[in-house]
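Student: These are the residues of each chain, in order.
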Amino acid sequence: MNKLFKSKIITNEAVTEEIYLISLEIPENIETKPGQFCILRLNHRLDPLLGRPFSIFDHVCGEIKFLYRVKGKGTKILSQLKKDELLTVTGPFGKWYPFPQGDFIVIAGGIGLASVYYLIKKFPKKAHLFYGVRNENEILFYEELKELAKHVYISTEKETSYTYRGVVTELFKEKGKSLSLPIYACGPMVMLKELKKIVNEAQPCYVATEERMACGVGACLGCVIETKQGFKRVCTDGPVFEIKELLL
Amino acid sequence: MPSLEVKIGNLTFKNPVLTASGTFGYGLEYSQFVDLNLLGGVVVKGLSLQPKQGNPPPRIYETACGMINSIGLQNIGFEEFKKEKLPFLKKFNTNIIVNFFGENLEEYIEMARLLDSLQEINALEMNVSCPNKDSEWRRMGLEPELLKKAVKEVRAITKKTLIVKLSPQGDVALMAKICEDEGADAVSLINTIPAMVIDIKTRRSMLGTSTGGLSGPAIKPIALRAVWEASQTIKIPVIGIGGIVTAEDALQFLIVGARAIQVGTANFINPQATVEIIEGIKQFLIEEKIKDVNEIIGSFIQ
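These protein sequence lines map, in sequence, to chains F and L. For the first sequence, position 147 matches number 147 in the working numbering, and the numbering has no gaps at all. For the second sequence, position 16 matches number 16 in the working numbering, and the numbering has no gaps at all.
What the hints contain is simulated information worked out from the structure, not anything from laboratory work. The beta-carbon is built from N, C-alpha and C at its ideal position, and this holds for glycine as well. Fair warning: there could be bad hints in the mix.
Claimed, not checked - Computed beta-carbon distance windows for the label pairs:
| hint | chain 1 | residue 1 | chain 2 | residue 2 | range |
| --- | --- | --- | --- | --- | --- |
| 1 | L | Glu120 | F | Lys173 | 34 to 44 angstroms |
| 2 | F | Gly230 | L | Thr202 | 43 to 53 angstroms |
| 3 | F | Pro27 | L | Phe92 | 20 to 30 angstroms |
| 4 | L | Gly77 | F | Asn29 | 30 to 40 angstroms |
| 5 | L | Ala173 | F | Glu201 | 52 to 62 angstroms |
| 6 | L | Thr209 | F | Gln203 | 31 to 41 angstroms |
Stated by the list, open to error - Residues from chain L shown here face chain F by an in silico Cβ test under 7 angstroms; the list is partial:
| hint | residue |
| --- | --- |
| 7 | Pro58 |
| 8 | Arg59 |
| 9 | Ile269 |
Stated by the list, open to error - Here are the computed lysine-lysine pairs in the DSSO-like style, where the Cα-Cα straight-line distance is at most 30 angstroms:
| hint | chain 1 | residue 1 | chain 2 | residue 2 |
| --- | --- | --- | --- | --- |
| 10 | F | Lys228 | L | Lys14 |
| 11 | L | Lys7 | L | Lys52 |
| 12 | L | Lys201 | F | Lys73 |
| 13 | F | Lys158 | L | Lys201 |
| 14 | F | Lys3 | L | Lys201 |
| 15 | F | Lys196 | F | Lys173 |
| 16 | L | Lys14 | F | Lys3 |
Use the sequences and the hints to build the structure in full.
Tutor: Written out as C-alpha cells, the structure is:
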C-alpha cells in the first residue's frame with residue numbers, strides 16, 4: 001500500500017474560531033483504522049520543516065478528514081489553505097484502537113474528539129460517549145454524535161440545560177463508572193492522568209497519546225512516551241496504548 | 001549514462017548518497033518508501049554495546065528550517081542489532097555502515113572488535129561527536145589527544161573501512177588531520193550542532209534535557225564550510241552531512257570536496273529524499289555533460 005501521496009484539499013473550514021476540519025482526496029485503496037494518524041506536510045516549504053501528525057477524524061472511500069486546532073505556525077498556515085491546493089500526506093501510521101465487541105465507553109477531552117469520532121462512527125449506537133469541553137460553543141458535531149452514539153454525556157465548566165458542570169472524568173465517575181465496558185479515550189494529559197487514577201486495572205482502557213514527532217515511522221525515536229517497559233514510540237508502538245502500560 | 005560510483009577506503013559505493021545515522025532507523029523503517037538497493041549506503045542508528053534508553057521526552061523541537069533533538073543515542077544494543085536487524089539489511093545490495101559509540105574507550109574498542117567480526121557490515125562510523133554528551137569519550141571529538149588515542153586503538157582492531165564522524169565545533173581541520181594520521185579511511189562531518197530553545201512561559205527548555213543537537217537545512221552553510229576546510233587539509237575522503245534536502249544541496253557538498261554525502265533530517269520531511277537526490281545528481285551530470293561524478297568532487301573554484 002502506498003503510504004506517500006499528494007492530496008488535493010476538498011474543503012478546509014473553521015468549525016469554531018480555533019478548530020478546523022480539513023477534507024482531502026486520497027487514493028481509494030488506502031485503508032485506515034480508528035486511532036491511526038497521518039502526517040500532513042505543506043509542499044515545498046522548509047519552514048515549518050516537519051509535517052504535522054493528525055488523528056484520522058473520518059474516512060470514507062477516497063476522502064479523509066482531519067480535525068485540528070490552530071496552535072502554532074504549521075497549523076496556522078494549514079488553516080489558510082484553500083480548496084484544490086495540494087498537501088503531501090504520509091500514512092496511515094500507528095496502532096489503532098482494538099475493535100470493541102459490543103458496547104463501549106468513549107471519553108473525549110476537547111480536541112481529543114478528533115481521535116475517537118471515527119471509532120464512534122464505525123460502531124454506530126454502541127458508544128457511551130463522555131465528552132468534556134470548556135463551554136457550550138466548543139461542543140462539536142453534537143447532532144451527529146447524538147445520532148451515532150448510544151448515549152452522549154457532555155461536561156462544561158458551567159452547567160447548561162444539557163451539559164454537566166465539571167470535568168469529563170468527574171462526569172464519567174458519576175455516570176459511567178458502573179458500566180463494565182472497555183474504555184477508549186483521548187484528551188489532554190491532565191485528563192489521562194485523572195483517568196488512570198479512576199480506571200481499575202481489570203477494565204480495558206485504551207488511550208491515544210501524542211508527542212512531538214518527526215518521522216512517523218519509528219526511525220527517529222523523537223516521539224517516545226514513558227511506559228512500564230521503558231520508552232515506547234508514539235508513532236509505531238502507539239499512538240494507542242493501554243492506560244495501565246503508561247507512566248503518566 | 002554518467003557514472004555515479006565513488007570509492008572510500010576499500011569500498012565502492014554505487015553512488016555518493018548515504019543515509020545519516022539516527023535518521024533512517026535500521027533501514028527497515030524506510031524500506032516501505034525507498035528501495036534500499038538504490039542507495040550508496042545505509043548508515044544505521046548509533047549502536048552501543050548495551051541497549052541504551054536515551055533521554056526523557058520531549059526529545060525534538062522544530063526551529064526555523066531545522067530541528068533540535070535530544071534523543072540521547074537510544075538504541076537496541078549490539079546483540080539485538082545482530083540478531084534482529086542485520087538479517088534484514090544484508091538482503092540488500094548496498095553498503096551497510098554501522099555508526100557506533102561507547103561510554104569509555106574500552107567500549108569503543110570492544111564495539112569495533114565485535115562489528116569487525118560481522119561479514120555483513122562494510123564499514124564502521126565511529127561517533128566521537130554526540131552533542132548530547134554525557135561521557136568523556138563521546139566528547140573526544142573536541143579533544144585532540146583523546147581523539148588521537150581512540151582512533152589509533154580502534155584502527156588497530158578493525159580492517160574494515162573506518163570513518164570517524166566529527167563535530168562542527170572546534171578546529172575541524174585539525175581533528176580531521178588527526179583521524180587521517182591515525183589511520184582512519186574517511187571522516188564524516190558534521191554531526192548536529194549543540195543548541196537550545198526556551199519556553200518563555202515556563203522558562204524551561206523545550207526539550208527534556210536542557211540542550212540538544214540542531215540539524216536540518218538551517219545548518220547547511222556551516223556544514224559546507226566544515227567540509228571544505230577538512231577536505232583542503234586531508235587526503236582521505238570527507239563525507240558531507242548537514243541539511244542536505246535536494247540534489248543541489250548534495251552537489252554543493254561534492255563541489256567543496258565531499259566524496260559522498262549523507263542525508264539526515266530530510267528523510268523526516270520527505271521519506272524519498274535519498275532516491276530523489278540520487279536521481280537529481282544523475283540529471284545534473286547529464287545536463288552538464290559530465291561523465292563521472294568524481295569530476296565534480298573538489299571542483300570548487302576559489
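Student: Out of the numbered hints, which ones does the structure contradict?
Tutor: 1, 2, 10, 11, 14
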